[in-house]
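Using the hints provided, position chain B relative to the given structure of chain A.
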Amino acid sequence: MTRLRPQPPGTPAPVPSRFSAPYWEGCARDELRFLRCSNCHLAIADAARICWRCHSRQLRWEQSRGRGRLYSWTIVWRPQTPVFDVPYSVAIVELDEDIFVVSSVIGCEPDALTEGMELAVEFHPVNGDMKLPYFRPVDDGGSPLA
Amino acid sequence: MAHPFRDAAIAGVFNTLQARRLPDHDSLSIAIEGALGALDDAGLGVADVDGVIGERAGELAYELRLGPCRRSPNGLGIPAVLEAAALITTGQCQVVLVVGGSAGIYTDRASTAPWTRPTNEFVVGYGMFTAVEFALMAKRHMLTFGTTPGQLAAVAATIRNNGHQNPEAVYFGRGPFTPEDILASRPIAEPFHLLDCSTTSEGGCGLVLTTADRAADLKRPAAWILGGGSDAYGPAYQHGPIWDFTGRPGEDVPAGYVGRRAAAAAFVTAGLSPSDVGVCELYDPFSFEIIRQLEAFGFCPDGEGGAFVSDGTIGPGGRLPVTTDGGTMSFAHPGNSTQMLQRVIRSVQQVRGTCASAQVPGAEVALCSNGGSGALFNDVMLVGSVRP
Chain A
100 MTRLRPQPPG TPAPVPSRFS APYWEGCARD ELRFLRCSNC HLAIADAARI CWRCHSRQLR
160 WEQSRGRGRL YSWTIVWRPQ TPVFDVPYSV AIVELDEDIF VVSSVIGCEP DALTEGMELA
220 VEFHPVNGDM KLPYFRPVDD GGSPLA
Chain B
48 MAHPFRDAAI AGVFNTLQAR RLPDHDSLSI AIEGALGALD DAGLGVADVD GVIGERAGEL
108 AYELRLGPCR RSPNGLGIPA VLEAAALITT GQCQVVLVVG GSAGIYTDRA STAPWTRPTN
168 EFVVGYGMFT AVEFALMAKR HMLTFGTTPG QLAAVAATIR NNGHQNPEAV YFGRGPFTPE
228 DILASRPIAE PFHLLDCSTT SEGGCGLVLT TADRAADLKR PAAWILGGGS DAYGPAYQHG
288 PIWDFTGRPG EDVPAGYVGR RAAAAAFVTA GLSPSDVGVC ELYDPFSFEI IRQLEAFGFC
348 PDGEGGAFVS DGTIGPGGRL PVTTDGGTMS FAHPGNSTQM LQRVIRSVQQ VRGTCASAQV
408 PGAEVALCSN GGSGALFNDV MLVGSVRP
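From first to last, the protein sequence lines stand for chains A and B. Take the position in the first sequence, starting the count at 1, then add 99; the result is the number in the working numbering. Take the position in the second sequence, starting the count at 1, then add 47; the result is the number in the working numbering.
No lab work stands behind these hints, which were simulated from the structure alone. Bear in mind the structure is a predicted one, so any value in this text is a computation, not a measurement. All residues carry an ideal CB built from backbone N, CA and C; glycine is no exception. Honestly, I wouldn't trust all of these hints.
What follows is a list of derived Cβ distance ranges for each label pair [claimed, not checked]:
1. A:Arg159 with B:Arg112: 29 to 39 Å
2. A:Asp184 with B:Gly138: 55 to 65 Å
3. B:Gly220 with A:Pro224: 14 to 24 Å
4. A:Arg168 with B:Pro348: 24 to 34 Å
5. A:Ala147 with B:Pro348: 51 to 61 Å
6. A:Asp210 with B:Ser232: 14 to 24 Å
7. A:Pro224 with B:Thr195: 32 to 42 Å
8. B:Thr137 with A:Ala147: 45 to 55 Å
9. B:Gly318 with A:Arg159: 43 to 53 Å
Looking from chain B toward chain A, a few residues come up when the C-beta cut is under 10 Å (computed) [said to hold, decoys possible]:
10. Ala185
11. Tyr218
12. Ile235
13. Pro238
14. Asp264
15. Asp291
Chain B with its partners taken away, still in its complex shape:
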């Protein structure tokens, strides 16, 4: 049987300027810049586009005069890219834009991302917020396996140092950091210190997917979707993050390891295993999430993620470099889909060999992810340089 994504190519990717604030933009205007930049990267024009996906898909269709076109208000990251691929492989579209943009949303001094503030009646009175949700999962892992704050700090230092050397990162040149620096930063929600947490920033981005035939004649070598999957246990930031929470009878993966089924499905589709992956562009809302995902996705046994991240394996030149642009901790963390699409974009840059920094030499297969255990969802995708 032919590979399900064989006929869908990622032809272009683009990140706009990323900054703490973009005072001259709103979310729509920076999304437009992401869309046009991705088309330019691919060597395509607005007139070629017959589909657009993203939280502002309808507005983009209007602003860019894309009609008549397919529009899908899918505000996720990896699932939006997988949807674009499905539109192409089923013949519904020829050229699909996947676009994110976020600017002008931090209207107060509170730096908790507004889309992560819970209002559920059973958690709101207790001062629950994102760092707390991810901390409750991390703490359970620490109690069960003996994972240490120093191991979390090793992750944060690695990713922040990737951003430190990335000229496109919001926090370019703001390091380097040692694990001791992370542990010395002020406590937020134990076990997390300030430097264990993601930043907040603004920016836009875009990806263009098209048919394999069309991609063959374009400006860039195409990148390919080798497999993908998506797991959730409920709405993000509403309910208590309980590691041992389970769902359907017969599915024994606990919420703590959300993403395990998605990753396994992605590897089956790709015909690959974790040892075939050259670089992991993991979503990094908090340092612990890297440890958790490495275990959930099968890169190391359960409980051994702390040791895995502490010996240089995930750093530059290591066997499995992780979140090489600096991730949400240092590269950028614009709201909603943008931050998540940026994991895909970095994976495409890695397998094309076009990263502005920390290019993994000869990377042929990248794994990227979105979400995490505190959010009760995890999306996974494998991106490759060779057509499947």
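Just chain A, with the same shape it has in the complex:
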């Protein structure tokens, strides 16, 4: 078993807002969603209220390919609260859709993380029906690296 794993149930659960509910509904179905502007087609991170580029309010949820590259990361050995199992990673992933997301890389050893490594999303329960997106290293063909 590798050292970087999903957190066990009991960690703080996200509290969806009116604007983010579709994102978490997607996670529950193993779909990573993001907002795209209907006017200028910009892809936007988080649950934006307005397009970051053209200020259109007409944003729609799309499904991400769920693939990206590792942009920055840290390995945490002393957690904010004891409910988190260490070590764990916190990572910034640059998705193929050109947006950055905060997540955690699992399925490898802490010292195996490298800049730009290819990652694929997978979902793990966080609380009740909610799931949290994690990322696992994959080879160029898209298969998980053991």
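Leaving out everything else, chain B in the frame of chain A:
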């Protein structure tokens, strides 16, 4: 054109006792001590005050019977001092207190500062906290420029040794430290070890600003605001700290270099450049922040901050001593505005020549800062001994 801060003087500054815990105080009571101490330092009294700024400004107005007075619940550091100066130069106030205080807030054993714990739905599930946010920025700099853990450790050792020799520091006498000691301390969030991180403590502080005319007759030589600026990209501790995040079209400074525009504005107002600065009282939540700010503010080219901090330049007797009281790593780290106002206070002490330790001989211009890249904001101020 007259300098915009020419008619506002910093007439008094004060730090209360700083300690890991102040069991006989709450945040309001220690803020009161900060306010009264600053007035005493200036040679002014409560009856002279007609404005108060700080996260507890309203309560201070009531407790000290300051009314009728201007009150502003500005819980920032440098922007609060700049606001005080603006109240004076525009004639809205004659004597303004800027006050911070924090005590009794560490009610559990978790030593992450409570005001930095994120609840944003997109980060909370991943165990994000302050050290992680600053580590994600530091890691990106290390990947881009080859900055090393040893260079971060050189910063932490320098600042902790400043606190080690400061009798007013919470961690007075707790060193000295070598960079090897920093690297040998337990890992927190890579690349940060325990000794790369700020501490937590309690305390209060205050500053008094008044008109230049009034300051001329007071107890202390005045210190002067030569320039200031403030940059932010969003709320602190909510969103992912992404080095290359940008804002307005036409503004190409990435979030990684937040503070660059603020520093440039401060230098323009002052008519100065980085080479005119004798001491930098930089905000030091994590060791890497010093490297980042030295680059952002123009003290060295991008990517060269690691080398800049490794050759003695930022230490005692160096060309640009940094965070000379020990900063948040060793001097004190009380919550919210206090820790940030303390960077201004130390700058005032440096240009007045009244530091209890590590006085930079003949310091005429000090640069101080608040915030940092993991927090997506950075405030900058230049403080001088000569009226602009």
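Outcome of the hint check:
1. A:Arg159 with B:Arg112: 29 to 39 Å: Check failed, 58 Å falls outside 29 to 39 Å.
2. A:Asp184 with B:Gly138: 55 to 65 Å: holds (59 Å)
3. B:Gly220 with A:Pro224: 14 to 24 Å: violated (50 Å)
4. A:Arg168 with B:Pro348: 24 to 34 Å: holds (28 Å)
5. A:Ala147 with B:Pro348: 51 to 61 Å: About 35 Å separates the Cβ atoms of alanine 147 of chain A and proline 348 of chain B, which means 51 to 61 Å is violated.
6. A:Asp210 with B:Ser232: 14 to 24 Å: holds (19 Å)
7. A:Pro224 with B:Thr195: 32 to 42 Å: holds (39 Å)
8. B:Thr137 with A:Ala147: 45 to 55 Å: violated (37 Å)
9. B:Gly318 with A:Arg159: 43 to 53 Å: Check passed, 51 Å falls within 43 to 53 Å.
10. Ala185: Holds, because the Cβ-Cβ distance from alanine 185 of chain B to chain A comes to roughly 8 Å (cut-off 10 Å).
11. Tyr218: Since chain A brings no Cβ nearer than about 19 Å to tyrosine 218 of chain B, farther than 10 Å, the hint is violated.
12. Ile235: Holds. Min distance 5 Å.
13. Pro238: holds (8 Å)
14. Asp264: This interface hint is violated because 51 Å lies over the 10 Å limit.
15. Asp291: holds (8 Å)
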